[in-house]
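Student: Based on the sequences and whatever the hints tell you, model everything.
Residues per chain, in single letters:
There are 2 protein chains.
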Amino acid sequence: MATIVVHEPVPSPMEDAEAVMNAVKGWGTNEKGLLEVLAHRTAAQRQAIRHAYEEHYHEDLIKRLESELSGHLEKAMYRWMLEPLDCDAVLANVALKKHSPDYPVIIELACVKDPEEFLAVKRAYQWRYKHSLEEDVASHSTGDLRKLLFAIASTFKYNGCEIDAHLAKAESHILHELIENKAYNDDEFIRIFATRSNAQLNATFNIFKDDYGISIAKSLLEEPATEYLSALRTVIHCITDPIKYFVKVLRDAIHQHGTDEDTLTRIIVTHAERDLRLIKEKYYERDNITLETAVVRETSGDYETFLLALLGN
Amino acid sequence: MATIVVHEPVPSPMEDAEAVMNAVKGWGTNEKGLLEVLAHRTAAQRQAIRHAYEEHYHEDLIKRLESELSGHLEKAMYRWMLEPLDCDAVLANVALKKHSPDYPVIIELACVKDPEEFLAVKRAYQWRYKHSLEEDVASHSTGDLRKLLFAIASTFKYNGCEIDAHLAKAESHILHELIENKAYNDDEFIRIFATRSNAQLNATFNIFKDDYGISIAKSLLEEPATEYLSALRTVIHCITDPIKYFVKVLRDAIHQHGTDEDTLTRIIVTHAERDLRLIKEKYYERDNITLETAVVRETSGDYETFLLALLGN
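Line order of the protein sequences matches chains A and B.
Add 559 to the 1-based position in the first sequence for the working numbering, that's all there is to it.
Add 559 to the 1-based position in the second sequence for the working numbering, that's all there is to it.
One or more hints might be untrue.
Identical chains share a label here; the pair holds if one copy fits it or two copies do between them.
[Stated by the list, open to error] Calculated cross-link-like contacts (lysine-lysine; reagent style BS3-like; alpha-carbon spacing at most 27 Å):
hint, residue 1, residue 2
1, K807, K584
2, K672, K689
3, K584, K672
4, K656, K728
5, K634, K672
6, K768, K689
7, K689, K728
8, K728, K807
9, K657, K728
10, K803, K841
11, K689, K841
Calculated from the structure, these hints are not laboratory results.
Tutor: Here it is, written out as structure tokens:
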């Protein structure tokens, strides 16, 4: 379900490192030459190029790229060249350190990735920042939102497919009672959302819809929408249909006044080798234009070329 | 720092399995014969015996031992024969399912074990019970205690030795302010206790003592002592001096009216191959009698023999 195109035969890491050096050496940078190599290599191949480049030229390729490129292209290339778990760690840190933290990034990591993979991101986070992701989540949020984010970011969820139907019934009833009473910040809400496995929560949400005739996400559409309620709904969307959720994030990034390039880059870079093909299909179904067309409309230059290459063009 | 004694040369797992079979077959059980083998083998050797026994006799050795033994000896042997991570998982589950849950067991796992080891226990828990430890912690506690237990049981803490002295100063000040105002259940309390690394917390607690002339544990000695406050103090003791903490747990188990055999078994079985030697030394320093003497006074029969063997006799 990946979208990137790797042409065979693939040159050796050293040949690629030389091609990269040819693109960056001297005055000016040959961005096209860079993209021809780096946008068409898998994560493992990119890491091999980094190592070959550093061994041969005694400089850090990522630092060199940062000094050669600028703007959205520089940011996108930086993320693309990081080892994927390290990239997720950087994205989480950037999201938390923003003046107005970008909490959905944390929710995506915690609720879409499987628990072992999320754990690997936490290890990468600790390796890079010398403290835990949980510490930063707790330090950069407050109140109910902190309770929710901290709980979902810290739990090591069960990943099995076993479901306790009796429990799902009981907990969908608890959730319905709490929603009826607008007790959204009740600890039970957070307990259920943060600790139950995704399979169990999907069962609970299905029973909720069957019994009460409305999806739990819709029943949380309260006015005025608080950041906390919006985070609860993000959790639900990430658990019930991650592909649809990412389509929504892309649409929001593209359609908002002034494209949100950071989000556009984040989704495309982190999904290009995973499920971006599925996201593209769903995007077209939803918007009647391809994601590529949307990207061409909203971006330009080498940044546009890079995103299109990651999208499989 | 282990206490168990393994005599060389060690018989093969199959020879040991035969000796075990000789001790259990026919009418009656030869407990002495069982203990001569099983109390003097490492965890890896015991697992090898289990496998050899099952392969050769087509029955589960643990189930056979359960049917042959009874009372405290049966419980102790059951725990001893489990793979250590699995044993921790069982102990956590037993602690949570009690009518009045034995929360210190959870705090010990979360605060004394290093984060990777605690994680391995969580995996063993999920493997055995098909749901997460966090779910059970959250379901079997309420109120402030739940907030604390859930937070410490879920966080994947940083295990490095780097300390942020500035942060330690700031957070010891926050803790002091909260204690002055008796705001023990403030979220900041739980945030700091549950997310900071043990090294960082030790720095914070040291600064607290330097600046305010009282240890943080003593400053939480409030009357009437609630279960929550007592849990907070257990967290502090487990982080600052686990050996001293386990000595206290053993002393409480031994000195209380009617020995608490479950706790005595738990500490001896789970530490015999780790740090029981240090615990014994500290116990003697504190009580002026050896732990062995205390065990002889409070227990009897084959259960006594078993505990003494694990203590290195």
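Student: Determine for every hint whether it applies to the structure shown.
Tutor: Verification of the hints:
1. K807 with K584: Neither: 41 Å inside a chain and 67 Å across chains, both beyond 27 Å.
2. K672 with K689: Close inside one copy (22 Å) and across copies (19 Å); limit 27 Å.
3. K584 with K672: Neither way: K584 and K672 sit 39 Å apart in one copy and 51 Å across, limit 27 Å.
4. K656 with K728: Close across copies (22 Å), not inside one copy (39 Å); limit 27 Å.
5. K634 with K672: within (23 Å within a copy, 39 Å between copies)
6. K768 with K689: between (43 Å within a copy, 25 Å between copies)
7. K689 with K728: The answer is between: 18 Å across copies meets 27 Å, while 42 Å in one copy does not.
8. K728 with K807: Classified as neither: same-chain Cα gap 29 Å, cross-chain 44 Å, threshold 27 Å.
9. K657 with K728: between (39 Å within a copy, 25 Å between copies)
10. K803 with K841: Answer is within: at 7 Å inside a copy they meet the 27 Å cutoff, but 59 Å across does not.
11. K689 with K841: neither (39 Å within a copy, 33 Å between copies)
Consistency note: the structure conflicts with the earlier hints numbered 1, 3, 8, 11.
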